[in-house]
Each structure stands twice: as structure tokens, then as C-alpha cells.
Amino acid sequence: MTIRLLKPYAQRPVNAITTFPASVEAGLIAAGKATADLTGGVQYFAPRPGLVLQAKQIAVGTVALQAEEQTTVTLPEGQVLLVTGAASTVGSVSRAGSADTWAVAAGALAAIGPYAGPQRLSIACITGAITASVREAVLAATGAAVATISGTGIVGQPLTATLPAGVVGTLQFTKALKAAPFTKSNISGAVANAVNSLSYTVQSGDALYNIGCDASSTVSSSNVISAQAGAQTAPGQPAKPVLTAMAGAVSVAWTPGAAGSTATTSNIWTDINGNVTQLTMNPQTITAAAGTPYTGTVTTLNAQGAGPASVQADAVTPTAPVSADMSWLFKNVLFGSSTFAAQVGMHNPGRQSILFHNDTPYWGQYILASAPNNDYNQPTGTWVDVPPNAQVLVTDSGKPYVRGKAFAITGITSDGTTATVTTAAAHNLATGSSVRIQEVTPSGYNGAFPNITVTGANTFTYPLAASLAAATAPGTWAGRPLTGFTVQTKAIK
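For the sequence shown, our numbering assigns the number -6 to the initial residue and increments by one for each residue that follows.
Just so you know, the hints here were simulated from the structure itself, not pulled from any lab data.
One thing to keep in mind: the hints can contain errors.
What the hints assert, rightly or not - Listed next, with one range per pair, are the computed distances between beta-carbon atoms:
| # | residue 1 | residue 2 | range |
| --- | --- | --- | --- |
| 1 | Asn179 | Ser85 | 28 to 34 Å |
| 2 | Ala252 | Pro6 | 47 to 53 Å |
| 3 | Pro380 | Gly298 | 38 to 44 Å |
| 4 | Gly33 | Ala103 | 31 to 37 Å |
| 5 | Ala240 | Gln305 | 19 to 25 Å |
| 6 | Thr32 | Asn179 | 49 to 55 Å |
| 7 | Pro111 | Thr32 | 36 to 42 Å |
| 8 | Glu70 | Gln305 | 44 to 50 Å |
| 9 | Lys233 | Ser85 | 52 to 58 Å |
| 10 | Thr145 | Pro276 | 40 to 46 Å |
Unchecked claim - Cut-off 16 Å, straight-line C-alpha distance, at most; resulting in silico cross-link-like pairs (EDC-like, lysine to aspartate or glutamate):
| # | residue 1 | residue 2 |
| --- | --- | --- |
| 11 | Lys0 | Glu18 |
| 12 | Lys233 | Asp307 |
| 13 | Lys0 | Asp30 |
Every residue gets a Cβ at the ideal spot worked out from N, C-alpha and C, and that includes glycine.
Turn these sequences into a full structure, and let the hints steer you where they fit.
In C-alpha cells:
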């Protein structure tokens, strides 16, 4: 069996997991020098000298390991490592500086490599026996060998495949996985005909591959290039921002830092007090205390992180907000299919009210298209109902739009001179009311009609200018008062 040493024994340290003859193990356990509990132990290996494996010097290019032995070898550029395990072998191979590992059992592993530049590989044999040797790397090509490739292999940089002087052939860039199963495939689009040189720019997805190039003519054996992700860099330093003092705020004019190895994700402003604001406009207005000098820096970010902060902006001092007592009054708004817009803006954002007063028997609606200082949680970007003969007070800044509320039509027909409308719900209209019909097909039914005739709780009629077929898309109707809808705004003291 296998034991864990509780005391050093036979050149093995405490906590070493190792195997001895059964009688030796039993004696060690009985003496309190070992235990069958392997928890917390470390597999013991006897180190063996490593060497640089060379395909042309096979005598010194082979490593043999027995149970509990390990070694580190150096694999030259362009060569592959061949590893074979004897019967009942348990072991592993790992490549320094990467997560690449291979389990070794009885039989031969697929060739490991080739790589650009020499590689250090650790070989460990737990049980059984392992041998390792090398040979020149060969990339299979249909009909021929491959061309010679030059370049760094770094993502974004070009590789150039070249045939010997005087040789003309069809070149095809290929890629092969660096680890098992070492699958090789053509690189789509990287093909040129009747040339002796071809270039390809390494893509971000190539970092897992070795890049090669097949040729249709028989030429000298090529090298391969290991694609590398290259340096992952954050963005550069933004230019020094420029501040302009405002009433209770500052305007920040900024320039982002140069892009790093990946796309820029955001730009942030960090003020002198450590407050962080994401920059989405240029220039951007940021609230700041009046009478207090204010400054800060700009930083550009990408997936790799934040680049260096800009030079700190020259400080400015925001002024006190201007007190205002202003009001606007808009009356007699026609709120049919079109909308009425009133711009509401003051020196004290968030400190004025908007009163929507509907003194008609029809439903209306309002919307705040923008409310940058929405301290009262009023809805923005959503139409809100204003009932008949009612008022709605909104305490906020913004740009309100007013319109008549549209209701569904389930059917609309024509007898040649008159249209008959059937509404989905009771319309509550009176004869002589004004309505707007919209979104009906054919379009001749649409328009504003100032004098309807009510024929039922869900029906009314209006005159037509011409005979029309029955509607195929019933559309909507909205009350369209000639007077009575008021939008009024004023400052709140």
C-alpha cells in the first residue's frame, strides 16, 4: 500500500507520500513513524538531472524515469516531446509558465509541441516507468511541405510565409492547437494563389494555436509560430480636463485616453472629494457646492482596468444658484393625435411645479420627456393619465408633453356618407363632441371631427367626404377638446 511519513525516513521528508514493501510499511506504522492516512501529504519524487533534449543527438535526447522520480527538461523551439508510459504507469507532464498538463498512463502520449522558443517541461513518474524523447516537428500538408514563416506571433502583428526563391505555389495558413488533441485546420480567408510570399495578421482567437503555412509545391520543411496574446494594456492617460464654473455646478470638458489592448469601456470623473461620476457627455455638467473651489481628474477604463488618471484640472469655484420665481401658463391645448410640448427649465432644477389641469370631460395624458433632477420620483418616459375635470401636480423639472388619451376601436364601417364607430369600452361622449380618429385603414377614416352624433354607449357616427370600404385595421379614437387643458409651471419657494 502507500503511506504518509510522520517522521523522516530513507531520505524522504515528513509528510512525504511514498511506497515501500508491505513489511516495511507495517513496521513504520507500528512504530508511529507513518500512517495510512494520506491527508495533507505530498507525493514524493526523487529528483533526477534534467537536460536539453536534442533530436539530432538521440543518445542524450532520452530521459528514463522510475517510480517516485521526476525531472525537468528543456524542449528546443520547433521540436516535439514524445512521452511513453510502461504498464501500470501513473505520471504527468506539465509546461512551465502555462496551465498545460498531460496525464501519463500505459502507452504513448500524443506529441507535445512544437512551440516558439525553448520550453521547460516537468515530467513526474508516480508508479511504473516513463521514457521521453524528441523529434523534429512535422506539420502534415496536402501534397507538400510548408513555407518558412517569420514574425512575432503576437496578436495584431503580421506573420509572413515565404517560399524559396524561384518557387511559386499556392500558400494556405494553418493553425494547430498547442495542446492535445493538437487539431490542425486551415485559417479561413488566409489564402493566396501563385505567390511565393503571403502575410496574415494574428487574431485574438489565435492565442491557443501554433500558426503554420502549407504550400502546393514541395519545399523545405518550415518552422511554426506560436501565437501569443501579447501585452494586455489599460488605456492611456486622458488629456487635462477643462472646467467651467456654473451656478451650483461645473462643466467638465474632457478627452479620453488612448485605447489599450481592448476596447474602452468607460470614462470616469473623480473629484477632489473622491466622488466618482461616469462621463457620458462632453462637456458634462456635474453638481458642485457653490463658493468652494472644485477640481478633479479623468480616467479611461477597459477590460484590463483603469489607465493613469489625467493631470488634475485647474480649480474653479461654482457660483450660487440664481433664485427665480417664474411661471408659464399654456391654455386651450388641443391634445389629439399630436402632442403639445412645453419646455420647463429654471436656474433651480427640481424646485418648480407643473400643474396639469383638465377641465374637459375627456381623458388626457402627460409625459416628462426629461427630468434631470427628479427628486420626487415622478415618472419619466411614460405617459400618465389626466382624468376628465381633474388636476395633477408634478413637482419636478423636465419637458412635459400633453396629448389626448387614445382608446381602442373594435369596428368602423361606412354607408357612403357616414362612418359608424364601435368602441371597445363605453365612450362617455355626448352628441356634438369633437373626436380624433387615427391609425385606421383605409386612411380616409382618419382625422379630426368636431361634431359627432352619439348612437349608443359604445357607438357614434361622423360624416365622411367619400364612400369607404369597411375598416380592416380599426385603430383608436381620442377626445379632442377645443378648450380647457392647461399646463402651468411656477417656482416653489
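Evaluated hints:
A hinted range of 28 to 34 Å holds for the C-beta pair Asn179 and Ser85, which are about 33 Å apart. Separation of Ala252 from Pro6 is about 52 Å and conforms to the stated range, judged on CB atoms against 47 to 53 Å. Between Pro380 and Gly298 the Cβ separation comes to about 54 Å, which falls outside the hinted range of 38 to 44 Å. As the Cβ distance of Gly33 to Ala103 is approximately 34 Å, the hint placing it in 31 to 37 Å holds.
Against the hinted window of 19 to 25 Å, the Cβ-Cβ separation of Ala240 and Gln305 comes to about 23 Å, which satisfies the hint. At roughly 50 Å, the beta-carbon separation of Thr32 and Asn179 lies within the given 49 to 55 Å, and the hint holds. Pro111 and Thr32 have their C-beta atoms about 38 Å apart, which keeps the hinted 36 to 42 Å range intact. Between Glu70 and Gln305 the Cβ separation comes to about 49 Å, which falls inside the hinted range of 44 to 50 Å.
Taking the beta carbon of each, Lys233 and Ser85 are about 55 Å apart, inside 52 to 58 Å as hinted. Distance hint for Thr145 and Pro276: a CB-CB separation of about 41 Å, consistent with the stated range 40 to 46 Å. For the hint linking Lys0 to Glu18, the alpha-carbon distance of about 13 Å falls within 16 Å, and the restraint holds. With a CA separation close to 9 Å, the supplied pair Lys233 and Asp307 stays within the 16 Å bound.
The suggested pairing of Lys0 with Asp30 holds, with an alpha-carbon distance near 14 Å, which does not exceed 16 Å.
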